[in-house]
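Q: These protein sequence lines are chains B and R, in that order. Residue 262 in UniProt numbering sits at position 262 of the first sequence, with consecutive numbering throughout. Residue 57 in UniProt numbering sits at position 57 of the second sequence, with consecutive numbering throughout.
Hints may contain errors.
As the list claims (entries may be wrong) - DEER-style ranges, computed between Cβ atoms:
#1 R/Arg208 x B/Glu39: 52 to 60 Å
#2 B/Met1 x R/Arg112: 33 to 41 Å
#3 B/Leu177 x R/Pro178: 29 to 37 Å
#4 R/Asp264 x B/Ala43: 47 to 55 Å
#5 B/Glu74 x R/Ala133: 48 to 56 Å
#6 B/Glu288 x R/Glu81: 29 to 37 Å
#7 R/Gly147 x B/Ala287: 43 to 51 Å
#8 B/Ala94 x R/Ala133: 44 to 52 Å
#9 R/Gly127 x B/Met1: 24 to 32 Å
#10 B/Leu177 x R/Arg112: 19 to 27 Å
#11 B/Arg205 x R/Glu134: 22 to 30 Å
#12 B/Arg278 x R/Arg279: 52 to 60 Å
#13 B/Glu81 x R/Asp264: 45 to 53 Å
#14 R/Ala133 x B/Pro113: 33 to 41 Å
Said to hold, decoys possible - Interface residues of chain R toward chain B, partial, derived using beta-carbon atoms under 7 Å:
#15 Trp266
#16 Pro270
#17 Thr276
Derived from the structure by calculation, the hints contain no laboratory data. Given the structure is predicted, the values throughout are model-derived calculations rather than measurements. By construction, the Cβ of each residue, glycine as well, lies at the ideal position given by its N, Cα and C atoms.
2 protein chains.
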Amino acid sequence: MSLSLNQWTTRRWSVAEAVDGCVRHGLPAIGLWREKVAEQGLAETAKLVRDAGLRVSSLCRGGFLTAGGLPGEEGRRAFAEALDDNRRAVDEAAELGAACLVMVVGGLPGVRPGEALPSGFSRDLAGARERVAEALSVLAPYAGERGVRLALEPLHPVYCPDRAVLSTLGQALDLSLPYPEEQVGVVVDTFHVWWDPRLFDDIARAGRRIASYQVCDYLHPLPEDVLLGRGMMGDGVIDFAPITRAVLAAGYDGDVEVEIFNADVWAADPDEVVATMRRRYTEVVLAEG
Amino acid sequence: MSLSLNQWTTRRWSVAEAVDGCVRHGLPAIGLWREKVAEQGLAETAKLVRDAGLRVSSLCRGGFLTAGGLPGEEGRRAFAEALDDNRRAVDEAAELGAACLVMVVGGLPGVRPGEALPSGFSRDLAGARERVAEALSVLAPYAGERGVRLALEPLHPVYCPDRAVLSTLGQALDLSLPYPEEQVGVVVDTFHVWWDPRLFDDIARAGRRIASYQVCDYLHPLPEDVLLGRGMMGDGVIDFAPITRAVLAAGYDGDVEVEIFNADVWAADPDEVVATMRRRYTEVVLAEG
Numbered sequence: 001m002s003l004s005l006n007q008w009t010t011r012r013w014s015v016a017e018a019v020d021g022c023v024r025h026g027l028p029a030i031g032l033w034r035e036k037v038a039e040q041g042l043a044e045t046a047k048l049v050r051d052a053g054l055r056v057s058s059l060c061r062g063g064f065l066t067a068g069g070l071p072g073e074e075g076r077r078a079f080a081e082a083l084d085d086n087r088r089a090v091d092e093a094a095e096l097g098a099a100c101l102v103m104v105v106g107g108l109p110g111v112r113p114g115e116a117l118p119s120g121f122s123r124d125l126a127g128a129r130e131r132v133a134e135a136l137s138v139l140a141p142y143a144g145e146r147g148v149r150l151a152l153e154p155l156h157p158v159y160c161p162d163r164a165v166l167s168t169l170g171q172a173l174d175l176s177l178p179y180p181e182e183q184v185g186v187v188v189d190t191f192h193v194w195w196d197p198r199l200f201d202d203i204a205r206a207g208r209r210i211a212s213y214q215v216c217d218y219l220h221p222l223p224e225d226v227l228l229g230r231g232m233m234g235d236g237v238i239d240f241a242p243i244t245r246a247v248l249a250a251g252y253d254g255d256v257e258v259e260i261f262n263a264d265v266w267a268a269d270p271d272e273v274v275a276t277m278r279r280r281y282t283e284v285v286l287a288e289g
Numbered sequence: 001m002s003l004s005l006n007q008w009t010t011r012r013w014s015v016a017e018a019v020d021g022c023v024r025h026g027l028p029a030i031g032l033w034r035e036k037v038a039e040q041g042l043a044e045t046a047k048l049v050r051d052a053g054l055r056v057s058s059l060c061r062g063g064f065l066t067a068g069g070l071p072g073e074e075g076r077r078a079f080a081e082a083l084d085d086n087r088r089a090v091d092e093a094a095e096l097g098a099a100c101l102v103m104v105v106g107g108l109p110g111v112r113p114g115e116a117l118p119s120g121f122s123r124d125l126a127g128a129r130e131r132v133a134e135a136l137s138v139l140a141p142y143a144g145e146r147g148v149r150l151a152l153e154p155l156h157p158v159y160c161p162d163r164a165v166l167s168t169l170g171q172a173l174d175l176s177l178p179y180p181e182e183q184v185g186v187v188v189d190t191f192h193v194w195w196d197p198r199l200f201d202d203i204a205r206a207g208r209r210i211a212s213y214q215v216c217d218y219l220h221p222l223p224e225d226v227l228l229g230r231g232m233m234g235d236g237v238i239d240f241a242p243i244t245r246a247v248l249a250a251g252y253d254g255d256v257e258v259e260i261f262n263a264d265v266w267a268a269d270p271d272e273v274v275a276t277m278r279r280r281y282t283e284v285v286l287a288e289g
């Protein structure tokens, strides 16, 4: 496994700066975000990473497929728009040669990420999960035809209301099974799954379905904005080494992305962040138990 | 099923006031807390509930069994102290005739509820879970001899670092299976389990192992102190009716406790809280799908 910089970790950097940072720090891969790619330009981003000799370990992110659970015309329109946006994301991943397109599937219909509950949202969690499966039946073949692998990301249950009704690795894996493994895989992100009593069984069961291994720590207590509770490896509660060993034993041979959402990390000098990340990767993520 | 007031919902009330409140509002049962019982006196509490004709639907709480995961003498002493305290809790539950003793098993060894990570805490989650199983092998027979049922409560994964390494109903159920169902059961608390993709399968699997059904809503966004993210039924994201039907279908015929940790609820007039709780119970918890 090799280390990859998910560019949200050095959020202040543009794509060009992040590509340069990877080269200067000797990292062979980068995880890109669609917003940043759009700012840099898709074709230019593709050229930048190609010229730098970097792998694109993932493109973040597709998903937000559950608004179709709203009633009537509003639901139908939201579902169609989400599918269109995801097809564009697949096209971008294809052009970038990304190893996978990370899918954050969305929360309860009508609930927007990080915002208070609006009137008219839906509490139908089972229905929202069915919408995700339905969308996947459209998007998986589309991705397959373009050589793109969708990577279903289970998010920590604290994000179930507003970001992802996929809450466990086992659930994501079950959703992926109807499709060829090169079309639909799963993400193992330590922050989201460290607590799961079935984690090690489900990592083994996932095997080559693991499309991405992302690492960052789980801070405690969480900050007021729970989205920013992700910390540098070693700063939180996660015992990384057993998870890393399990992911390796399952047959994963892709890159290891460090993706940190954290106000202090974002405020720091990105070069220092990358240097710390490299050191902690060796000391903490790869540590012998 | 009948409605029960978990007395932490009306936290300002003493045991005597809460018993009186249940009688005035026509509730047939109460969930007691050890701290409140100690303030009132154990024998006096037993007499108060008996004279009022109330059932004690639960005693909260035993648990916090994981500190034994700390190394050396400190760990051994912490484990012995936890066992002693839990034996006392069993004795109290027996004297009160409580339907069960709710067990919140504790978080990572050395991490104290609601506090920042201390130096020297343990990241060994698997080991902490083994300590819980080990403690149960001592406490279950002790409880069984006294006619007390331990009720293992899975807590939302957001509480895994500091309050409970039991994170899913399935995990709690698996831990209970070595013991007779009258010795060890499980708690279904909507706040903690609503997101779980295996919830309905595990409720059915639990069957008569369900020792307590607790309801309150899951607020979104959570407040800064995530402990206080529990809301009055209808104020959050949970679709209660399918869960209630599943718990009934599993064979549960005990009381339904409303247990709310919420700064606004605690600041309100307890009589109004109980009135609202009764109304929402009918409108939301028992609602036809």
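Q: Decide, hint by hint, whether the structure agrees.
A: Status of the hints after comparison with the structure:
1. Between R/Arg208 and B/Glu39 the beta carbon distance is about 59 Å. The supplied range of 52 to 60 Å therefore holds.
2. About 35 Å separates the C-beta atoms of B/Met1 and R/Arg112, a value consistent with the hinted range of 33 to 41 Å.
3. A hinted range of 29 to 37 Å for the beta carbons of B/Leu177 and R/Pro178 is consistent with their spacing of about 32 Å.
4. Separation of R/Asp264 from B/Ala43 is about 53 Å and conforms to the stated range, judged on CB atoms against 47 to 55 Å.
5. Distance hint check: the CB atoms of B/Glu74 and R/Ala133 are about 49 Å apart, consistent with the given range 48 to 56 Å.
6. Range check, B/Glu288 to R/Glu81: about 33 Å between beta-carbon atoms, so the 29 to 37 Å window is met.
7. Against the hinted window of 43 to 51 Å, the Cβ-Cβ separation of R/Gly147 and B/Ala287 comes to about 48 Å, which satisfies the hint.
8. Separation of B/Ala94 from R/Ala133 is about 49 Å and conforms to the stated range, judged on CB atoms against 44 to 52 Å.
9. Between R/Gly127 and B/Met1 the C-beta distance comes to about 26 Å, which sits within the given range of 24 to 32 Å.
10. Here the CB-CB span from B/Leu177 to R/Arg112 is close to 42 Å, at odds with the stated 19 to 27 Å.
11. The supplied range of 22 to 30 Å is met by B/Arg205 and R/Glu134, whose beta-carbon atoms lie about 28 Å from each other.
12. As the Cβ distance of B/Arg278 to R/Arg279 is approximately 58 Å, the hint placing it in 52 to 60 Å holds.
13. The given range of 45 to 53 Å is broken by B/Glu81 and R/Asp264, whose C-beta atoms sit roughly 37 Å from each other.
14. Checking the proposed 33 to 41 Å range against R/Ala133 and B/Pro113 shows it holds: the Cβ atoms sit about 38 Å from each other.
15. Because the beta carbon of R/Trp266 sits about 20 Å from the nearest beta carbon in chain B, more than 7 Å, this interface hint is broken.
16. For R/Pro270, the suggested interface contact is broken, since its CB lies about 26 Å from the closest CB of chain B, more than 7 Å.
17. Annotation: R/Thr276 was flagged as interfacial toward chain B, and the flag is violated, the nearest CB pair being 18 Å apart, outside 7 Å.
Against the hints set out earlier in the document, violations occur for numbers 10, 13, 15, 16, 17.
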